[in-house]
Amino acid sequence: QQKVQQSPESLIVPEGGMASLNCTFSDRNSQYFWWYRQHSGEGPKALMSIFSNGDKKEGRFTAHLNKASLYVSLHIKDSQPSDSALYFCAVSSGGNYKPTFGKGTSLVVHP
Amino acid sequence: NSKVIQTPRYLVKGQGQKAKMRCIPEKGHPVVFWYQQNKNNEFKFLINFQNQEVLQQIDMTEKRFSAECPSNSPCSLEIQSSEAGDSALYLCASSDSANTEVFFGKGTRLTVV
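Sequence lines, in order, name chains A and B. Count along the first sequence from 1, add 88, and you get the number used in the numbering used here. Count along the second sequence from 1, add 48, and you get the number used in the numbering used here.
To be clear, the hints were calculated from the coordinates, so they are not data collected in a lab. Here the structure is a predicted model, which is why all the values come from computation and not from measurement. Warning: the hint list may mix true and false statements.
What the hints assert, rightly or not - A few chain B residues that don't get close to chain A, going by computed Cβ distances all over 12 Å:
1) N96
2) K111
3) F113
4) N120
5) G133
6) S135
7) V161
As the list claims (entries may be wrong) - Rough simulated footprint, nothing fancy, chain A against chain B, three-plus residues with beta-carbon under 8 Å:
8) 76 to 89
9) 145 to 154
Ideal placement from N, C-alpha and C gives every residue a C-beta, glycine not left out.
Use the sequences and the hints to build the structure in full.
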């Protein structure tokens, strides 16, 4: 059964700083990796996906995937107070229809 | 903004009572998920559908929940006999196929007293 672990549990960064979130997974057949963000009182919303090894950049957000190391990360450059939220890594395999979520990282960006 | 609509937003039930929540998935999305998010923010997959058919569900769902996604009607998830441990945020989500972006609703927060 797929296990998805995230670290750190919580992270505080100053406005304008870099936030780095980590995620490891256990199933070597995993193919699809998503990062979701959940603000208080809301449902999670997808930030970005990554399906191939390497880096993928979208604006201030960069995801990194290393399937051999069973590792995916998210880096947020120039963090803003509005980035304060819970961040979840979600992993699925082909045809699985059932993303497995990590326990999340709580990010606080202080002005 | 997600167009997955969940009702009600809040639900309070006594132990042993039925608790029913509804979800209208995003238009055109054939895949619907239900997850339970506990107070520690952990997600537990409950059940998913493709069109009206159940794809996967966990034992707890099969034994204690009733769920359906009829055509042209909202999907629903009903706990047959609520327990204190069922207090959680129930998230409905939809997607247009396997492994694509999943769109979540705002959830139904169930409190069992």
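Hint by hint, which ones does this structure get wrong, listed from lowest number up? Number 1 - this is the single hint that the structure violates.
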